[in-house]
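Reconstruct the complex from the two isolated chains, following the hints.
Protein chains in written order, with the numbering used here: chain G, 1 to 999; chain Z, 1 to 449.
Incorrect hints may appear among the rest.
[Unchecked claim] Beyond 10 Å from chain Z on every Cβ pair, some chain G residues (computed):
hint : residue
1    : H121
2    : A275
3    : D277
4    : R412
5    : I484
6    : L505
7    : L677
8    : N679
9    : C771
[What the hints assert, rightly or not] Okay, the calculated bits of chain Z under chain G, using three or more residues with CB under 8 Å as the criterion:
hint : stretch
10   : 12 to 20
11   : 132 to 143
12   : 190 to 200
No lab work stands behind these hints, which were simulated from the structure alone.
Just so we're clear, the structure is a prediction, and the values are computed from it rather than from any experiment.
Every residue gets a Cβ at the ideal spot worked out from N, C-alpha and C, and that includes glycine.
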Amino acid sequence: METGSTHQYISEFDPLFRIFHELMPFKVREILLVSSSYDAYIMEEDGSLALKIINEYHGLSLSHPPRITRVSTVEQALGLLERKTFDLVMSMPHLGGMDCNTFGEKVKDLYPDLPVVLLSHNVHDAVTPFDEAIPCFIDNAYVWCGDSDLLLAIVKCVEDRKNVDFDTLKAGVRVVLLVEDSAVHRSQILPIIYEALVRQTQAVLDEGLNEQHRLLKMRARPKVLIAETFEEAFRLFAKYRQNIFAVISDVRFPKGGILTDDAGIQLMQRFRDEASDLPILMLSTDPDNKEKVMAVPAVFAGKQISTMREDIQTFFLDYLGFGDFIFRMPDGSETGRASNLNEFEQRLKTIPDESLLYHAHCNHFSHWVMARAEVALASRLHKYHFEKISDVQELREDLVFKVHALRRLRQRGVVAGFRQDSYDPEVMDFVKIGQGSMGGKARGIAFIGAQLQQRAHQDSVFAEVSVQIPQTCVITTDGFDDFIASNGLHYVDGQTDEEVEKAFLNATMPEWQAKDLRVYLEKIEYPLSVRSSSILEDAQFRPYAGLYSTYMLTNSDPDFEVRFSQLIEAVKLVYASTWFEGPRAFSRSIDQAGEDSMAVIIQQLAGSRYNGGFYPALSGVVQSFNYYPVSPMKSEDGIAYIALGFGKTVVEGEQSLRFSPFFPENLPQFSTTDDILKNSQHWFYSLDCSEPSAFSRSNSNLMRREIDDAVNEHPVSLLCSTYFPEEHRIRDADLPGRKVLTFAPVLKYGFFPLSEVLRELMVLGREGMGCEVEIEFSVDLHENPSRSVFYFLQIRPIVTGSERRDVQITEEEYGRAVLHSEKALGHGLYTSMQDIVYVKPETFATSLTREIAGEIGKINRTLQKENKKFLLIGFGRWGTADPWLGIPVQWGDISSVGAIVEIQGAGVNAEPSQGSHFFQNITSLGIPYLMIEEEGGEGEKKEGVHTGVEWEWLNSRDVVRETEHVRHVRLERLFVVKVNGQESEAVGYPDEDGYDTEA
Amino acid sequence: MERMFAAIVQRDPLEKEFHQAVQEVMHSVKPVLDRNPEYRKQAVIERITEPERVIMFRVPWLDDQGQVHVNRGFRVEMNSAIGPYKGGLRFHPSVTLSIMKFLAFEQVFKNSLTTLAMGGGKGGSDFNPKGRSDGEVMRFCQSFMAELFRHIGPNTDIPAGDIGVGAREIGYLFGMYKKLRNEFTGVLTGKSLDWGGSLVRPEATGYGTVYFAVEMLGVRGETMEGKTCLVSGSGNVAQFVTEKILELGGRVVTLSDSSGYIYDEEGVDAAKLAFVKQLKNIRRGRIQEYKDKYPQAVYTEVDPALDHNPLWAHRADCAIPSATENEINEKDANNLMQGGVRLVSEGANMPSTPGAIEVYLDNKVMYGPGKAANAGGVAVSGLEMAQNSMRLHWPREEVDERLQQIMKCIHRTCLAAAAEYGQEENYLVGANIAGFVKVVNAMLDQGLV
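Just chain Z, same shape as in the assembly (with noise of 0.2 Å):
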């Protein structure tokens, strides 16, 4: 493995990014390598970190004031095993091909997860749209466009948004790529319900997120009703996460912002909800103002002083992280270990550092990680694909029951990698693992390409 790994670097020395993501990728799926020589044999490794194709492209274009830029773009479309390239496209002064390679190499493996036909891609441009208007954001991608056309397509590869890239550029690349290529179809996820997008988008991460919970409570016999739920956070996952919760007849007690948090012994119902909507989405305000309006809440201002979260020291059955990275430490998991905590569903990237991820595992809680758990945006991506394909625009409800079919099939999928790994219920290695395995079973399947 250090000999694989060395020689990718080697190959790549400036590619800090994409030498930590691959690192990361194979410590842990060593379990899988060494109970397969036939993987190390037919070179997996070298070959599912080597991108099938990488395209580098000019992007000139001209700003409002007619003076021309010129910016790089970069397509990566890294892994087409088990389906078309499927990944964001970022707009950002920081991508480069490293940070590009790194995402599309996530990226394959997220997608695997879902159990949906995506293989992995990432692209974008170091062009920057902060400050920009509307018609240099529409020239720069009618540009980008120009190019990247010739290599995507409904069956080959379908970009998404990503930072930077939003329902507007969405639009304009869309508009391009339809008249460049003189045909409506299904090539990029993320577009507006006028023409093509799917319902659910926003909601899908959050509930995504619960839906994995449930089928995580499932394999015990229980289920959510009744259940309380420490959240944090406040935007997007948080809310759709504490909109499920209730929907399932569970009670959430706390919901979280960067300067402090609260505690609602009654739980959030739903007008309480709509509050929490108005006041983040709209309004973009602090949670605190969630006990000037519910004075029998408690808030309690973030301490920096601590070397834990407070939140997590409440009694509570589940606790569904939505807020950031390392939001739980070993303390924090600790604490919820003696709250009761028996349930613990990432709906954001990386909250649990690996201290409290191993507190989780050493106390046999239900550990569903960010990379399984949240996965629900990108299932609802893989369905929007699946409705332009039949030219079909499905229900609110329909797309949702297809969501949660999703996250019990990743949850299967998790569960039984883990079992088969003799890690019962580690859905960690689980997650890992499927993805891996799925993917270059696939590549095997298909031959030395």
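Same shape as in the complex, but just chain G (with noise of 0.2 Å):
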């Protein structure tokens, strides 16, 4: 069944489905009968025959049943056979004179791959060549019996025999064989095998997957394949020999071109040589057989049509482990049953010793669960496994282990629908309540946590490293809408947050999402975040410290009616956020019709507890392009922040360690001793556990603690090093001392490989949306560095397609530019300035810079006061403390500046001052830093434009106050400063069109 190209889009990324969504690619639509009016009208009696097969494919949940289009001589049929493409022809004995075979002959003379089928109405017109000289055109003979599943049953034959090869080679498929020469006992079993399997395959779908899953993994039910003769059958008991589960064999048969009386019991003997284990039965109308047969060993059962159906049946349920999974003691009394893989695991942990040695034994758990496609499972739990095993308890552990790994493991990038009777934690990460959307949040979490799973397999750091997406829960947007509509909240559209809050808050959840989110808590101990998943494109490229609110939950009151309420009533502040001022303002300035609705993402709190405290070792964010890259980095690298506990520090722009993980032992922040001590993170967030009643809905219960504080916690004592005063000295070693953190023991040391996780995470990042990514994430690290996690949080695109347009410098800009750098960091367009303050070039002299830096200072100050932004032109290195090298400036001698230039000296290495404290100024308020090499020199970029700046310009301008070295000038109109970071390029020019103002 084709979804819709939403969900098949989205559904490609599953790692599962993507594997069904290929297989079965042959598929029956059009079927070409060829039949004499009598022929037909006998096959019509009990009703259209076109109706039957409709009605099988709906009974049985199938989608697409083939169309039939009938003629009734060969020449028509060959007529259509030129101008039309069928799938099928079937055929029927009587063709007005000519034969099927020949009819056959000529069919493939058309369409060599196009299968034709015989069907007769007798069995004396069901017979093709017999005699091997005679070439057969007629891929098989049926014998109508008045049976619509025969029907069914041909489509599905001639389907799966076009499609084994490549399913058993995608998926390793399981194949049914059926050996049988008779074209009636074919008719009569060839239904019945199939009905038993589409049965089995439909029942096996009900295990928590979601819609998509359960629909197309019936396509990956067992294929049958059909042996006339004896060389056939080996010929594909070779071919197929890994995939084959079971066998469906006639005692008597051809072989060699002549029919052997017990041509079956050879061939099963020899099968048998080869797979000890492989469930076979035998049909035979003579009795007699039954002892050859046992002695095979095989299961007998007679062809007589009053019992054959049930003893099929029941040897697909007792072999085949079709159906529930039925425990039962040695006796045959019955101890419990599973239905499902769940309850297979949970039964597992409860049932008799000897019930579980029983079944274990006898390779009935792998049966069962081989019926379920599940072979590599099936394979662990074969019997072979568990001979070395002699302890009950031993052999029960390694049972529910392997079960759970594989739950795990399917649920594994999947985003199942959540549903109350089925829902297990231990197993979903990803779960939706309700139909609607999740969001954009929310999609790029699922996104990435199928990329996830998939490299997971691959040979990368994620197979090495437990990296993943914490467990969630969204509610989508039908939640909001439903909540909206019922409680009628429309009415509170433009009034107060503080009104619209008390509103959303006094309404009532619907019953349906109060009931699903309370099953869902009732299974959840763990620490909860509740935060909005928008459907707003703009609004999810918005930061994250922005617009909507996010809140934590303890959720560990013993009460669980208060936990309950404390998440029922995160979710209405969520939604209730969304008709704030703060985002409607938004929307309205992008002209955006304002927030229609809203998912919710609740998720587990990535860390663990500490005395009091949950925190997460280390979060971040990392950015997979950095416009402020310093040597050796390189722009593409990408940058990352990291703090200890909580993202707010590093969302927030307190302290946090900046790095590219390339490089992460080249710290700028870290250079010395002093900068380590200056830069280093002092304070860090926690999530108050100590009253777990209290729900803070202003700071989200977060306390900012101190790292003196928590020396004794895992994650500080592993992060910090040691500072020794005496030395002035830090050593990266757990010492008796002063901590500092500085993160040594993860990049440096390689406890935990962040920085390769992160190089990967921004590649596919990168490949998967197309552009360059922020990713925010956590780390829980554990003792055991095997055992700590990297949880991925939030995806998001840093540069939309109109700010990349905006940021290229245009041939007339080119011309008009004053000012043109080849070095520059940032990104983006500044028009918010119109005062340049510069260094006066005649008056430029290295001993001068501290007074330099004195008048700046003053004339900065002025500025500030004015609300002014201005463009800063000097030489040297601002922000030295060496005076010979350029000019010491404290920040707070330009903190108005809205953008740099530095003239560079030739020989000095062109790189921006990184004085921790300024740069890290630069970086976070994000203002350009334009290096200008060679005044006057060829530019590389742009061939005829040189690089510097245009003094006499400059000189010409307004003076609003002189001092000695500095001037400061001012324009009518404002000056553009335009950054590509892209390319380190900028220009910058008097604006003439009439820019406006930044905010």
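In structure tokens:
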């Protein structure tokens, strides 16, 4: 079944779905039925043939029943075949003088691969050439007995024959081999087999996957192959040996061109030699064959119509593991039942030892799991694994572990629909409540979750380290819509934030939503975050420290109702936040019609509990493109920011550590001991678990703690180094002394491969989204590094298409530029400056830099009072501590700067001052920093365009104030600085087109 | 003098920093030259302004990506008349031959003033350690020492740390030296305590400033006991200045940083000082938090519009500027006088402007210039050399005691030199002259080499 395009697109990234989606590429859509009118009349005696097929398909929830075109003559058939494509030709015996085989030959002349099937009303006509000397152009022959199941079976069989090679190769699909030369018996047996297979597959699908899974896993049902001779059977067995999981065979059929009474016995013995466990059912009209069959050994059943159906079904149930798993004692008494893997796992924990041993050694577990198309698990549950395990408890644990691991694996990367009766947080990473949209944020998380699941099997760091999304539950947009509609909350539009909040809190959660959330929460014990997932594309791109609220819940109150009410309150508050003034104003500013709907993400909080607080060892953000690269970093290497504890530290611009995932040991902020002491983190955020019944809306239960107060907690002691004041030295070791947070074990000594993970995530995100991305993450570090977990929290694009267009420097802009740099840091268009403060070249001297810094500071203070930004131009390195190297301004001397130009002399390394606080301010405030290496030098990026400053133009502007070494000019209109961060190029020119001042 | 200076400029016209340093020294020692024609005849100025040796060398190294970098290394061995060359190594992009010569030149006199047997030198490289990994810094240091080791030794040249060369770099340099020379000697100072470093290094400058102040007070028959002191800054020097003042019975009422200062009428006691240490050394907080912790204190934010620093306007007996250059101008100095301050001992380098110094001298204030008063750091460097020579590691108390003795000696030397040239108790003149005379006398003694 083909789902809608959106679902299909999403589903292609479901690792299991993608495989199943490709299975059964060949489908019978068009059937050409060649029959005389009389034959057709017979077939339709009980009703329209086409309708019968349709009903069969619908009855089995199969999609797209084939269409039947009937013609009554060979000429009509051949003529139609020339004009139209058919997938199957069914021919009745009487074709106006031509025999079927000849007709088949003519069909094959036109389409050598087109299956041709003979369908007869009687045995005599259902005969294909027996003589091997006569080529047979009929693929199979059947006898119509009025049973429309046969038509379904024929179609399925044709499809199976076409698809078996691909499906077995692609997904290890199982195969049932039917060896039957009699058309009558074949026509009786085949429908029985198919019915059992389809029903079994349907039963298997009720295991907590989503709708797409359920429908598409049908494609992975076992395939049926038919052989009519000994040689054909043997050939098929040899070819599909690894996939054949059952053989159903007649006893008597041709061997070497001669009908041989015990051909089946001989064949099965050969099979048995190669596969001692292979379930084999032998059917015979002669009861005397029973003893020979059992000696193979195989299961015997008679070919009586009255019993054959039941016998075959029993064979499937008892030997192929179809249906429920019935746990029995050795004496046959039932001890329990499991209809799905979840129940299977639970029963395995509790069934009596004798029952466990009995089923394990009889290989029942393996068969039953195999019937669910879980080939790998079936192999691991094979009885020979247990031969060396003597301890029952050990066996039990081994079984449970393996089943649990498979259940977990199957759920990884899958968005499952939430179901109250089957939700299992142990194995389900991502569930959604409702049928609406998940919103952009949730979608990004689900996408990455699927990608991670795929890469976990590849040769990458994801195979060595636990990288995952936190357990997530999304309330889709219909939850919000229903909440608003059922409470009539549209009236709050335009009210104050407080009024909106009050109205939402007083509203009632729709019952279906509340029930699902209750069931969900009953199974959850970890702290949670509750946040929004907007459907507005633009809102998705905003920094998450912005518009919408996030709430963190300890979820630890012993009273479940308290926990539940906190969750409901948090969800309502998230709903309410979409109607607050902030988001509304933003929507207006981008001409968006406002928030239409909202999904809510309820997510496991990453971290562990320490002394009354809960927090992750570290959190951070990584951007795949760095607009402020400092050697040896390159822009395309990206940049990361990390902090101890929750990511609020990073997001809100507090003290965090900036590093390149490609050069984690190169830390400009930590260059010297003084730098480390100054720039290391002193506080962090932790969830306050001391009062579980408290729910703070304002700070979301986060408390700010000092690193010094947490030195005995694992993350702090792990990530800190020790400072020795008597040597003014920091050692990367946990020694007695003052602790300083350096993250050295992670960044330098490989305790956890954070840099490698971030590098791969950037690639994954960039490739997946087709643009540069920003990823939010947390890491929970365990004392045993192998148990540490990296949590992927969120992904969003950095640069949108419009931003990309806006920073391309045009020819006109090159022509108008009075300032051009080819080593620029930053990115964007800056149009808020009218003032330019520059050091006069004619009076500049390196011996006077201190005085110059003072003069600039005075001008800055004046402009700061006037709330004006300015462009600063000077010589040498800004902010350097060494006055011989540049102008030693402190940040307070230039705090109102909007852009900085540094003109470097020859021989000076072309990098901005890495004076930590100075450079940090530049990067965190997004201030463009333009370096001009050689004034008037030939530019490399644009032929004929020189780098430098147009001093003549600058000196002719209106002077506001002038000191001995510094001049301050003001333009009539704004000065535009455009920085193309991708190219590290920038120009500056006076605006003549009237840009709007930036907010 | 002008001719001499012109010749120096003509020889190396681009070395502006060196010219400035020479000019300052020449100006301050003019009385000595005027009184001693032998010095002119023996061309001591021409000799003392020319380094004994300049070594410039290539320093190639590989970064973590295997890329080759080439930096330039320098060692200016300026003067060894009174002892082996002694001076720091600086790794900074601004390092040039001119900078090194100027710093080496100043080091000669600074070291001479300590009364220890240390000549003057300076070295370094234009290597920028900022943002470099430990491995890269190590490889650079090893490459640097692979050349430098030929020119240094415990009796030849003993480098120390400076900008960009901290404990880590000293360790890497020493390790390489030991590998190449196959000997464990005190060839570098600033070593870790576990393998030859000296105690009291962090405290030395601060303690030394107070010891010098004590000596100045002693000349007038006074002690630090009961004295109220204004201390600026709150970093390493200011903290240990405060600690030593408290130990000696004095009272510190101010501390500051770039944002403002606190005035605590009750005085900064040991507990408050511990708080300040934690605040500044570990948390890197602002001094304003002192007021949050101790509400009785008054915090005053820096007002850039003011032409003076109100910290210096409080009543006190002593002022110990320990923050930065040019933090006391003429108006501040006048305020100090009006506030009753009678002693200024400089913990920082050049905290008083020339105008302020004029005020001190005019008011006959006990003025200990930085080059004398804050020589404690250099002195302990010399003590590290001494301990290494004896293969001993002195306890804290012994190092402190010896530091005190050295400061006494410096004081005595300055005082005597000032008196000799009719500038009683003018420690600035005394310091300049004392340092200069000791070196040139030694040079003359050792012949024309």
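Hint check:
1. H121: Fine: 81 Å to the nearest Cβ keeps H121/G off the interface.
2. A275: It holds; A275/G is separated from chain Z by about 56 Å at its closest Cβ, greater than 10 Å.
3. D277: Holds, because the least Cβ-Cβ distance between D277/G and chain Z comes to about 56 Å, which exceeds 10 Å.
4. R412: Label holds. Min Cβ-Cβ 36 Å, cutoff 10 Å.
5. I484: holds, 47 Å
6. L505: Since the minimum Cβ distance to chain Z is about 37 Å, L505/G lies beyond 10 Å and the statement holds.
7. L677: violated, 6 Å
8. N679: Given a closest Cβ separation of 8 Å, the condition is violated.
9. C771: Non-interface label on C771/G holds, nearest chain Z Cβ at 27 Å vs cutoff 10 Å.
10. 12 to 20: That given contact holds, which follows from 3 residues of the stretch 12 to 20 of chain Z lying within Cβ reach (below 8 Å) of chain G.
11. 132 to 143: holds (count 5)
12. 190 to 200: holds (count 4)
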